[in-house]
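A.B. asks: Residues per chain are reported as follows:
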Amino acid sequence: MSEWTEIVDYFRGRSMWMLHYCTGCGAIELPPTMTSRWDMERFGITPMATPRQADILLITGYLAIKTLKRVVYTYEQMQAPKWVLGFGSCTINGGIYWDSYNVIERLDKYIPVDIYIAGCMPRPEAILDAFVKLKEMVQKGEAKGYEKYVKNYEWYKANQDKVLKRTSPVLKEIEKVTKIG
Amino acid sequence: MELNPLKESNDDYKYYELFIGPNHPGIEGNFSYVLKMKGHSVEEVTPDPGLLHRGFEKLMERRLWTQNLALIPRICVPEPDVNEVAYCLGVEHMMGIDVPKRAQYIRVIVLELARIASFLFGMSGLGGTTGHYTSVQWLIGDRDYILDLFEWLTGGRVYHIYQYPGGVRNDLPEGWLDKLSDFLDYLEKRLPEYDKFIFQNPIIQKRTVGLGYISAEDAIENGLTGPNLRASGVMYDIRKAQPYLVYNELDFDIPKTGDGDAFSRVLQRRLELSESIKILRQCIKQIPEGTHRTKVPNPFQFRVPKGSYYSKVESSRGEFGYYIVSDGDVKPYRVYVRGPSYSIGLYYATKALVGMRIEDVPVWIHTTDMCPPDFDR
Amino acid sequence: MADILDEIKSMDLKASWLGDWEFEVFTPKDRLVSTLSYLKAKGFKAFMGLSCVDWIEEGNFELVYILQSYDLALETIVKTKIPRQRPVIESMGPLWKLCEVYEREMHEFFGIEFTGNPNLKPFFLENWLDIPPLRKDFDTLAFSEELFEFKEDETHGIESPKRIE
Numbered sequence: 001m002s003e004w005t006e007i008v009d010y011f012r013g014r015s016m017w018m019l020h021y022c023t024g025c026g027a028i029e030l031p032p033t034m035t036s037r038w039d040m041e042r043f044g045i046t047p048m049a050t051p052r053q054a055d056i057l058l059i060t061g062y063l064a065i066k067t068l069k070r071v072v073y074t075y076e077q078m079q080a081p082k083w084v085l086g087f088g089s090c091t092i093n094g095g096i097y098w099d100s101y102n103v104i105e106r107l108d109k110y111i112p113v114d115i116y117i118a119g120c121m122p123r124p125e126a127i128l129d130a131f132v133k134l135k136e137m138v139q140k141g142e143a144k145g146y147e148k149y150v151k152n153y154e155w156y157k158a159n160q161d162k163v164l165k166r167t168s169p170v171l172k173e174i175e176k177v178t179k180i181g
Numbered sequence: 001m002e003l004n005p006l007k008e009s010n011d012d013y014k015y016y017e018l019f020i021g022p023n024h025p026g027i028e029g030n031f032s033y034v035l036k037m038k039g040h041s042v043e044e045v046t047p048d049p050g051l052l053h054r055g056f057e058k059l060m061e062r063r064l065w066t067q068n069l070a071l072i073p074r075i076c077v078p079e080p081d082v083n084e085v086a087y088c089l090g091v092e093h094m095m096g097i098d099v100p101k102r103a104q105y106i107r108v109i110v111l112e113l114a115r116i117a118s119f120l121f122g123m124s125g126l127g128g129t130t131g132h133y134t135s136v137q138w139l140i141g142d143r144d145y146i147l148d149l150f151e152w153l154t155g156g157r158v159y160h161i162y163q164y165p166g167g168v169r170n171d172l173p174e175g176w177l178d179k180l181s182d183f184l185d186y187l188e189k190r191l192p193e194y195d196k197f198i199f200q201n202p203i204i205q206k207r208t209v210g211l212g213y214i215s216a217e218d219a220i221e222n223g224l225t226g227p228n229l230r231a232s233g234v235m236y237d238i239r240k241a242q243p244y245l246v247y248n249e250l251d252f253d254i255p256k257t258g259d260g261d262a263f264s265r266v267l268q269r270r271l272e273l274s275e276s277i278k279i280l281r282q283c284i285k286q287i288p289e290g291t292h293r294t295k296v297p298n299p300f301q302f303r304v305p306k307g308s309y310y311s312k313v314e315s316s317r318g319e320f321g322y323y324i325v326s327d328g329d330v331k332p333y334r335v336y337v338r339g340p341s342y343s344i345g346l347y348y349a350t351k352a353l354v355g356m357r358i359e360d361v362p363v364w365i366h367t368t369d370m371c372p373p374d375f376d377r
Numbered sequence: 001m002a003d004i005l006d007e008i009k010s011m012d013l014k015a016s017w018l019g020d021w022e023f024e025v026f027t028p029k030d031r032l033v034s035t036l037s038y039l040k041a042k043g044f045k046a047f048m049g050l051s052c053v054d055w056i057e058e059g060n061f062e063l064v065y066i067l068q069s070y071d072l073a074l075e076t077i078v079k080t081k082i083p084r085q086r087p088v089i090e091s092m093g094p095l096w097k098l099c100e101v102y103e104r105e106m107h108e109f110f111g112i113e114f115t116g117n118p119n120l121k122p123f124f125l126e127n128w129l130d131i132p133p134l135r136k137d138f139d140t141l142a143f144s145e146e147l148f149e150f151k152e153d154e155t156h157g158i159e160s161p162k163r164i165e
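Protein chains in written order, with our numbering: chain S, 1 to 181; chain H, 1 to 377; chain P, 1 to 165.
There could be a bad hint or two in this list.
To be verified - Result set (SDA-like, lysine to any residue): computed pairs, CA atoms no more than 20 Å apart in a straight line:
1) H:K351 <-> P:P94
2) H:K240 <-> P:G43
3) H:K351 <-> P:N117
4) P:K97 <-> H:D218
5) H:K36 <-> P:N119
6) P:K42 <-> H:V234
7) H:K240 <-> P:S69
8) P:K81 <-> H:G307
9) P:K136 <-> H:D329
10) S:K162 <-> S:N152
11) P:K79 <-> H:G307
12) P:K29 <-> P:P83
13) H:K331 <-> P:I56
14) H:K256 <-> P:A73
15) H:K306 <-> P:E22
16) H:K306 <-> P:W55
17) H:K331 <-> H:N298
18) P:K121 <-> H:P47
19) S:K69 <-> H:V34
20) H:K306 <-> P:E62
21) S:K172 <-> P:E149
22) H:K285 <-> H:L177
23) S:K172 <-> P:E146
24) P:K42 <-> H:Q242
25) S:K172 <-> P:D130
26) P:K45 <-> H:A216
27) H:K240 <-> H:G258
28) S:K144 <-> S:W4
29) P:K14 <-> P:K40
30) H:K179 <-> H:E151
No lab work stands behind these hints: they were computed from the structure.
Using the sequences provided together with the hints, build the complete structure.
C.D. replies: Structure representation (C-alpha cells):
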C-alpha cells in the first residue's frame, strides 16, 4: 500500500485545483497570478468554480462572520484530500482588523490551515511560493490538515458554533446600556 | 397548431431560488444575490451583503487621524487611492491646510493611474463573464505595468498608503515620469487592439447592446453616479462640475455615449480611459517643481478642529464621499463612507435584474462595475 | 447659488456653507419631510446617502441626509437630531425609494426605528444580539476579545494552539 500512497501523493501534488472563491481583498492579486504575467497554470494549478471538484481552498484575507459560515460549508463540501491556504495577515491574527467586531482573528481555530502566507497583501510571487511549498508537502505526504479536521472535529465545531450560533449577547454589560425604545 | 420551437414558454416551470454568489464565478467579489427564478427569467432579487463587512466606520473612531490612512485604502480594493485622497481632502479642508501645487499634481497622477487600472480590471471582468478570456489575459497583464509603476512610487502594488494630509508621503522618484510617459505610449498603442477585440467583437456586442437600459431620470432617481450615470446621458463629473485638486487647470472632455445600455456603460469607461491618458500627459508636462508636502503637526498631536465636512472624489465607479465629523480630539468622532456602488448594488439591482435572463445577470453586474467592499465597508 | 441658502434661511432654518459646493441645513425633526421635499423640488433630486452620528453626551442621534443637485452642481447636507432614548423617525421612502435601503442599514447599526419602512430586517450582520455596533457605547475591542478569544501576547497569535496535535 505504501508505494501506492507515494505514487498517488506524487500525482496529487502535480494537479491541484483551486476553488475560485474571493473571500476578501486578497482576491485582487489572484487575477495577475492566474493570467499571463505569473501564470500559475504552469504549476498545474487552475481555478475551479465548484467546491466539489476543488482541492485547494484559498482564504484570501479577512473573514467576516457571515463569510466564515459560508467558508465552513464550502470546506465541508470539498472532497478529501483538500488543503487550505491562509492568505494574508488577516487570517493569521486578524491583521489590521484585530479589533473589529465582525472579523475573525485566527483562521485555524475554525478550519485547519496547511500554509499561511504572510503580508498585506502578499505578492503573486508569495502565492506561487506557497503553492510550490504546498506541492512539496503534498508529495511528501505532510499536508494532512483534512485528517486533523476529522480527528478534532468536536474542537473545531465548538469553536465554529461559538461564533456562528450565538444565543445570547456577547457583551454581558448590556443591561447597563440604553435599550431601544 | 403552429409549433414554434423558439417561443419561450415558462408556464410549465415552477419558481425556484437561485443563489448567485458568494461562491460563484459570475459575481464580482464576495457578495450574493438571492434570485427567485421562474424558468430562466428572474422574478425577484434580494441582495445579501455583509460578507465583507469589517466595521470600518467603527474602527476609524478608534484610530488616530493619521493611522486611519493605513486602514481606509482597504475599502475599495481595485481603486484604493480615491479613499486616501477623499479622506485627506476632508481633513485638509477642516484644518485649513494648503497643499503644495506639486503634491496636488502628484495626487492627480495617482488618481488617474488608479482610474486606468480600475477600468482595465473592470473590462477584464466583462471578458470573464462573456467567456472572452483573451481580454482577461491581456487587460490584467497590461494593468500590471501600472502596478509596477505604483510599486516604484509607493512600495506597494495594491495598497499604496501614499497620501498624507498636506501632501504626499514621498516625492516622485527620479525617472518615474519618463517611465510613466513610456507606459502611456504603450497603452495608447494597445487601445486600438482593445477596441477591435472588445468593442467590435460580435459576441460582446450581442450580449451587451440593449441590455439593462437605464434612462437619465432613472439614473438620477436611483442614485447612480460616475460612468454609469454619464452613460445614461447625465453629463455630470465632479472633476468638471466641482473641481478639486488641480482639475480646473487641466484640459479634458467628458465623453458622451448616452445610450444607457450595458454596452454604452463599458464604452463610456473605455472613452474616459483615453481622457485619463490625456490628463496624465498634461500633468507630466505641467508638474511644477517644489515641495511635495507641507508641514503638519506630529501624528500624536494631530487634532482636527471641531466641525464636519463632506468631501468627495470622482472614482472610476462614481462619487466616493467621506462625511467626517470631528470633536477636536486626536481621533475622528465619526466617519461615514459613501461608496459609489451602494445604490446600484443594493437597490437598483433589485429593480433592474427583474425580468432578465439568468445568463445576462453576471454581464449586467460586471458592466455596472460594482465593487462589493465599498458598500459592505 | 446663494439664493437657495437665503430662501432656506427665510424658512426659519439654520443653514451655512461648508465649502465651495456644499452647504448644511439644520432642521427640527418634525420639519424634516417638508425640508427634504422642498429641496427635492428645488432640484436636489439625487439621494446620495444617509448617515448618523451618535452624540452620546448630548443624548441625541444626528441623522445626516446628503442630497445632490446635478443642475446646480451643489451638494446639501440636511441634519436633524432625534433623542437617543426613543430613536424613532419617519421613513423617507415616499420621497426616495432608495432611502429605504440606507434606513435599513441605519436601523441595524444604530437601532433607529423608521416608521413606514416595510423592510428593516437584518442586512449586513447575521445573528446579531448585542447593541447596535456603531453606537458609541458599543466596545468593539471587548466584543472581539470575548468572541474570538484572541489575547495579545508575546507571540501575537503566531504560535499554534496546543490542543491540536
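A.B. asks: For each hint, tell me whether it holds in the structure or not.
C.D. replies: Here is what the structure says about each hint:
no. : hint              : verdict
1   : H:K351 <-> P:P94  : holds (17 Å)
2   : H:K240 <-> P:G43  : holds (19 Å)
3   : H:K351 <-> P:N117 : holds (18 Å)
4   : P:K97 <-> H:D218  : holds (12 Å)
5   : H:K36 <-> P:N119  : holds (18 Å)
6   : P:K42 <-> H:V234  : holds (18 Å)
7   : H:K240 <-> P:S69  : holds (14 Å)
8   : P:K81 <-> H:G307  : holds (16 Å)
9   : P:K136 <-> H:D329 : holds (15 Å)
10  : S:K162 <-> S:N152 : holds (16 Å)
11  : P:K79 <-> H:G307  : holds (13 Å)
12  : P:K29 <-> P:P83   : holds (10 Å)
13  : H:K331 <-> P:I56  : holds (16 Å)
14  : H:K256 <-> P:A73  : holds (19 Å)
15  : H:K306 <-> P:E22  : holds (18 Å)
16  : H:K306 <-> P:W55  : holds (13 Å)
17  : H:K331 <-> H:N298 : holds (13 Å)
18  : P:K121 <-> H:P47  : holds (12 Å)
19  : S:K69 <-> H:V34   : holds (17 Å)
20  : H:K306 <-> P:E62  : holds (16 Å)
21  : S:K172 <-> P:E149 : holds (15 Å)
22  : H:K285 <-> H:L177 : holds (10 Å)
23  : S:K172 <-> P:E146 : holds (10 Å)
24  : P:K42 <-> H:Q242  : holds (19 Å)
25  : S:K172 <-> P:D130 : holds (9 Å)
26  : P:K45 <-> H:A216  : holds (12 Å)
27  : H:K240 <-> H:G258 : holds (18 Å)
28  : S:K144 <-> S:W4   : holds (17 Å)
29  : P:K14 <-> P:K40   : holds (18 Å)
30  : H:K179 <-> H:E151 : holds (13 Å)
In terms of the numbered hints stated before, the structure departs from none.
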